[in-house]
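So you can see what is in the structure, the chains are spelled out below.
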Amino acid sequence: MTQVDGNLLQVQISQTWPMPLHGNFTCSSGQMLALVGPSGAGKTSMLRMLAGLLQPAQARVSVGGEIWCDTSLGIHMRTQQRQVGLVFQNYALMPHMNATENVALAMLHLPRNIRLKQSQDWLERMGLNKAQQQRKPAQLSGGQQQRVALARALAREPKLLLMDEPFSAVDQMSRRGLYGLIADLRRDLQMPIVLVTHDLNEARQLADKLVVMDAGQVLQEGTPAHIYRSPRNARVADLVGIPNRFHGRWLGAGGPYVLPPGLAWLEWLPTADASSGLPLVVSDKGRLKTAGQAVTWVIQSDGLEANPSSAQDHLADMQSVLLNAQVTGLRSLGEISLATLQLQALHPCPLQLTLSGAHRQQLQLGQSVTVRLDCRWIHVMPVRS
Amino acid sequence: MTLLLLLPAGMWLARWLAYTHFKGKYLIEALVVLPLVLPPTVLGYYLLVFVGGASPLGQWLSQQFGVQLAFHFSGLVLASVIFNIPFLVQPIQRAFEAIPSHLGEAAAVSGLNAWQIFWRVELPLAWPGVLSAMVLTFVHTLGEFGVVLMIGGSIPGETRTLAISIYDRVQAFDLVSADRMSLLLLMLSLVAVAVSFFATARLGRRQ
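Residue numbers (the numbering used here), protein chains in the order written: chain A, 1 to 385; chain B, 1 to 207.
Source of the hints: derived by calculation from the structure; they are not laboratory data.
Positions of the beta carbon are idealized from the N, C-alpha and C atoms, including for glycine.
Between beta-carbon pairs, the in silico distance windows are:
id	chain 1	residue 1	chain 2	residue 2	range
1	B	L4	A	Q217	55 to 63 Å
2	B	S101	A	T290	46 to 54 Å
3	A	H22	B	W60	53 to 61 Å
4	A	H22	B	V42	52 to 60 Å
5	A	K136	B	S165	43 to 51 Å
6	B	V42	A	R78	40 to 48 Å
7	B	Y26	A	Q217	35 to 43 Å
8	B	A9	A	G65	44 to 52 Å
This is chain A alone, in the form it adopts within the complex (with noise of 0.2 Å):
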């Protein structure tokens, strides 16, 4: 048998009491994946389980083709023999111990001075000098702290590594240096990693694959990329943060005019009750069989561009069109700003566009603008899935 993926995690857990979670994923060696939800979703559960901490209901767990635990055949390894570092939110790292001592913990099989020394080389690794190696933990700083946990949960050689919101009691300066020190690892580690965190931009920024996950379920799993521009559902997107995101009307062909195939009319509603909207021409994938079924959409920043004029609401070519709006809303955060403008075609339907560099100069408050939208942006998704 050729072994593609050395040390391929694959996840099925479903399981209905002590608390609800279902579930499957995959994450390949050297990937990481990142568990996202609101608290109470599961994430750290889920990652407990992996760990062997959690005794699943229901589930299967193999790492590189070693079953870690799988119900039905009664296989359930204990934390121990599982080859699996875990980083905890608070470290958790021994208080009577020195850094070096908590590193060197991981590498009990090995003789005293050669754990030492390797421990040594860890903490080296993770950016910590000579000094600081050691200190206890109580005279390190959170960032460094985690730096330790983080040697101490490799210096066991993991076939899998798991991370706890590893970020969140960090301070931003140092969670910024940790970002940069987990992407120079990534190059050379060779395993799976799972992050939980409920930072969304974290999780865009360092994994490359994300899982949604909310009230125990796996909603949707995909790369960052995929989610956002095709969040499944309505919840999807909600937990991502999809700001520009609508209520509307499936027409199907049905419209105003017979479209081509591959393309169907999108009625775009201001509420969800409202009777009458503005009709779009969208991508048709098939996925809505239904005319006249209700669907919310979103549309990616990528699909939005404002400019300085007014002019008549009109089709700029069939898939895009030109609205007239309001500016009500400009707040700058840092390097870039955030407009809220105002259709005055749709009543109450605030846009929200993100603006950078000499572009978000020209918008003022209270300015009349034109808003072109690109119906090649938007996704749409049923109301209930």
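Given chain A, work out where chain B should sit, using these hints.
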């Protein structure tokens, strides 16, 4: 002697009480504290009733093993062990409870087995509590009176403790000896309690 017998069992009980949660836990905790609130004479009386020569258990013991507990050194040790349970178990239990649970998990993830976790993580962290419990128990054994008098009597070299000796001396109007022994007991107790407070403060500072 009491300490040697009580320490391993007490430590196990304390750790178990600190880490497990179940419905009847309060009852067991109450039982542990009971010797603290009960008059020593009551405890001694019940011990006498249950293991004394006339009781079924006492008779069985003397028939099977030739052991006689009442008015004997071994009986004294038994009484002392029971009487000291709260002094040993309570501080150790608090010390184990003060250890954050994720430290044990971190150790398990690092590959340590239960025994290694106990020796390398839990015991060092709980050590001030354990030490203070040991000191308290030790001095407390010296000062035992009521329970000892009930089960042990006052047999010189066998079941006579320091506290009973003082009582005997005062009864015999030998105030010089009573004075000396009282002072010794006072100093020992003071040192022990001070050591125990010091250890507890160290434990508190580390968290």
